[in-house]
Every structure is written in C-alpha cells, then in structure tokens.
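J.: The lines below spell out each chain.
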Amino acid sequence: MINAGIDIGGKEVKVVLLKDGEVIAREKAMGGFEQGQVTEELLERAIKSAGISKKDIASTGVTGSGKKYAPPHEAEITEIGAAAKGAALLYPSARTVIDSGAEDSRAIKCDEKGVAKDFTTNDKCAAGAGAFTESMARALEIRLEEFGEISLQSKKTVPINAQCAVFAESEVVSLINSKTAKEDIARAVNDALAERVVAMVKRIGVEKDVVVIGGMAKNVGYLDGLKRGFKMDVIVPEHPEFIGALGAAIAAREN
Amino acid sequence: MAENTEKKELWRWLEARWTNPDIDWKQGKIVSAGIDVGSVSTQCVVMVDGDLYCYSSLRSGSGSVDSAWRGSNRALEGTGMTVDDWHYCVGTGYGRVNVPMSKRAITEIACHGRGANWMYGPQVKTILDMGGQDCKVIRVDEKGKVTNFAMNDKCAAGAGRGMEVFADFVGVSINDVGDKSFEIDEEPKPVSSTCVIFAKSEAAGLLKEGWQVSKVLAAYCSAMAHRVWELMVRVGIEPELSITGGIAKNRGVVERLEKEIGMKFQEKKWHNPDYIKRNYPFDTQIAGAIGGALFAKALAEKGKA
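These protein sequence lines are chains G and W, in that order. Count along the first sequence from 1, add 24, and you get the number used in this note's numbering. Count along the second sequence from 1, add 945, and you get the number used in this note's numbering.
You can trust all of the hints, since none of them are fake.
Derived coverage of chain W by chain G (criterion: at least 3 residues anywhere in the stretch with Cβ under 8 Å from a Cβ of chain G; other residues may be distant):
(1) 1089-1101
(2) 1105-1113
(3) 1145-1156
Keeping only pairs whose Cα atoms sit at most 25 Å apart, straight-line, the calculated DMTMM-like set for lysine to aspartate or glutamate is:
(4) K1153/W / E158/G
(5) K1160/W / E58/G
(6) K92/G / E64/G
(7) K1099/W / D208/G
Partial list, computed: chain G residues near chain W (C-beta under 7 Å):
(8) F57
(9) K148
(10) C149
(11) A155
(12) Q187
(13) C188
(14) A189
(15) V190
(16) F191
(17) N201
Simulated from the structure, these hints should not be mistaken for lab results. Every residue gets a Cβ at the ideal spot worked out from N, C-alpha and C, and that includes glycine.
Pulled out of the complex, with its shape left as it was, chain G reads as follows (with noise of 0.2 Å):
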C-alpha cells in the first residue's frame, strides 16, 4: 500500500510517499504565496520519481500550520502528532521528540508506539523558532545552509543577551562593528537558540532518546548547542525535515 503525506510548513512545503513503512519518494519546496499549488507539484514530482500512477496511492495525510491549502486528503494530524509518528517509526526508542522548524518549534513526549504523551510548543516567538537564525545569517551575510557549520569553528563564548530576535539583530551588528568574528557570532546565535530550546523542553522532562527532527536539524551549531544543553547525545534522522510529512503518510494509512 502507498501512502502520500504532506506537511505544509511556515517556510517550505514536505511530500513523502510511504510504501509498506518505507519511503519512496520525497520532494520539498518553498511554500511562498501558492502553497497549494506547490503541492500539487510536489505531489506530482513524487509520483513520478517514484515512478508510479496517481491512482496508486491508497490515502494522503497532511499536517503543517498551512493543512488548509492541501489538496484533496483523506487524513489530518496535527504537527504534534506528525512529529511523534514519524520519529517513533524510524526510532521506537525515542521517548523525547524535537521539533524544530522555521517558525515554530516544539518539543513532544512519545512512547514507543509515536502517541504522544505531552508537548510543548512556541510558535508566538521567533527567538526559539529558525527564522532567528535566519536573520542572523542574513545580518552576517552567512548562507544559511553554511551557518552551523562556521559555528562550529569557533573556540569562543560570545553572549547573546537579547531575548528578542528583532533585538538580537542589533546586538549582532554591534559585534560585526566590533569585529567580532563571524564564527563567533554564529555561534553565540546557535548558542542562543539552543538555550531558549532547551528551557523549553525541560518544561516537559527530557527523556531518553532524544530525536531532533525539522529543517533547523540540519543546522549542526544548533545541534551542539542542544547537546551541550541537554548534557547528553541528540539523535538526528538523514532527512530530519520530511518527519512531519512522514507522520502524516502514517495517519493516512492508520486511517
């Protein structure tokens, strides 16, 4: 049996196809104005690389803040309920589940089964969220791609004081003028962001394992941070940010 799942996020739009609890395609892209219309893409990039026909696929699931432009489903969850499905199917033993995206991050308790326990999010905040990093790189002129990577060159604490994202980007471009380096700076936003991620999650206990799934996963200063945080290792799935898709392709085959 094929499943589609599609997680419409705050930045990018996430299409897996599941078949028989393996994924056979994945395709993502920048939501912009046309969310729907980017599904509807996506949707058909997948088929096609997966090479097979529309009609193959028995159910869709979706989830992302932007569900209401899907196309046609047969499935809802909740982002909450994506992340938890998709991370306990690759992972059973994750009991701790992150989630961090580009404008919201959240964190879910799960057991072995992916039925979450208890949660905690922030998507009223841009500071826990990645749209902090990003426009930090904007002010260092780092591609965000490059971000983690630079941070972990560096040997240095620069604190970031500023709650704020706003804030911080003022806080940021002070240290540019004081020629701090940009290593630094990177880090102290990492720093920073894994911090309020952090004073989050406690909120709800940390459990071993601890999965961290979402685009900013992909952000390795950011994951030091967190491990440095946590004060133990975080686990991270190859394509962190399909999970939520992932999740919903297995509520579409629950259903």
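Based on these hints, arrange chain W on the given structure of chain G.
T.: For chain W alone, coordinates are given in the frame of chain G:
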C-alpha cells in the same frame, strides 16, 4: 527613467535640535544637563536655572560614550557653551553608566516620571513611555515621584524598534506611518502574530491578498496598541495620562490605544503657559533628558559632587 537604486532608510525618524532664543546662559546661576542615552535614540537637554535652554535628539551611535558626546555637542552647537560650563549633569537611559560628562546616573523610569511631570504638569498620574527598545508604564504622584511601573524590554513587538522594522518592510517612512494608517475605509482586525518577525510574514500574505499598505499598517498599529494596553492594565490606569518617547509621535498607535483605554492622553502641550505663549517646541522624546536635567539642578543646589 533611471531606476533609483539608492537604499532609502525608511526607519529613520527626524532628528532635532533647538536653542531657547530668550535666554542668555551667561546670566544664569545654575547650568544643569540631562543626557538620555537610549538604545535607539540619544537626547541631551541643558537647563539654565531650571528653564529649558537647548536640546538635541539624535539616533544613538554604536557606543554609549560616543552617543553621549554627539548628543551634547549637537545640543551645544552655536551656543558658545561647553560641557565644562555645566554645574551638574545626570546620565539616564540604557547607556546611563557610560555618560562621561555626568556626575551621577539615574534610572530612566525616575527621569521620565520627573520629566513628564514638568512638561505636562502635576495632574499627570500615568505616563506611557514608548521608547526604541522598551515600553514602560509609570505611575507617579503629583510631584512626579514614581509609585509603580511595568515594563517590557524583552520583545520588540511593543517597542519603537518593532515599528521601525515594520515600516521598513512595507516601504513607508516611519514619520508617515501614523497618518497613512488612517487612510482606510474600515478598521481591519489587528495582525494576529505577536512577534515582529512573524508579523512581517503575515503582512506579506495580506499584501499578496490585495490589502492596501495603509490597511496593513492599520492592522499592525492596532496590534501594537493592544499590546501596550495590556501592559498599562497591569499597573492600573489613572488619569491624567501622558505619553513620552518616540511612539508618541505616531498617531496610528496612540489614537487606537486611546480608543481601547476609553481615555485620552493629555494634549502634547507645555504645563508652563509662558512656554506655550512663546511657542517652544514640545518634543516627547526629550522627557527623560529633561528629568535628568531637573535632577541635576536639584543636586547642584545641594552642592553634591
């Protein structure tokens, strides 16, 4: 037509300086100064025997020391006075401990209380000070002494810096935001995002849906007004109300806030009838520095070094 590639700085508000034409400072007994080094703006006010003599209001530079010097040099331009002529100077604001010419640092809360009391009069009981990087609600007694306050300095959503970022994003000069936000047929719902960063994405969506810029501004101004209202409610709102700081110049926020409170802020007018008669400029941004200069005068009289 050639494309204009010059980057416009839409967030840049108008700087100011003024000298009182009716005072010869050399005849004065006590020259006192207040320098308010904020995160976004810096003001320097000089008083001669407790009368407003000159002031400047500038954008803060990269360091507090530098900002304090630029503020005082600008204020003293053309007056023949130097900082050595000051009997006492008080530093206030975010950078108050780094004002080299000051003999003492006093919190901006105390200075805004004192300054608003002097500018608006003793009937003022609640002061809203909306600055660049924070927003304060200050309750004062009839002498301008602080009895209680609440403050947000953590989040740009309720501060001037947030408005600067938003104005820049929608491409409207910060000086025009207020007027422009009323060029609408019907008051829209406030933007739902709290965070300025998210509000920008929300605004982009609204513009894409075909909203006019003025309507988007209206939605942002009312969201900001609501946030400020929540802060005011925390300390209680007792009339008369007065407003200080840069946002006071943005009627888009102020008038929507008045509607939400159900009360009006005091007219931006001097308590001193002589100042009204002589048409001295009433600048809400200098309230903190005025408070500083008043404290400085009192300290000079007490002979405290």
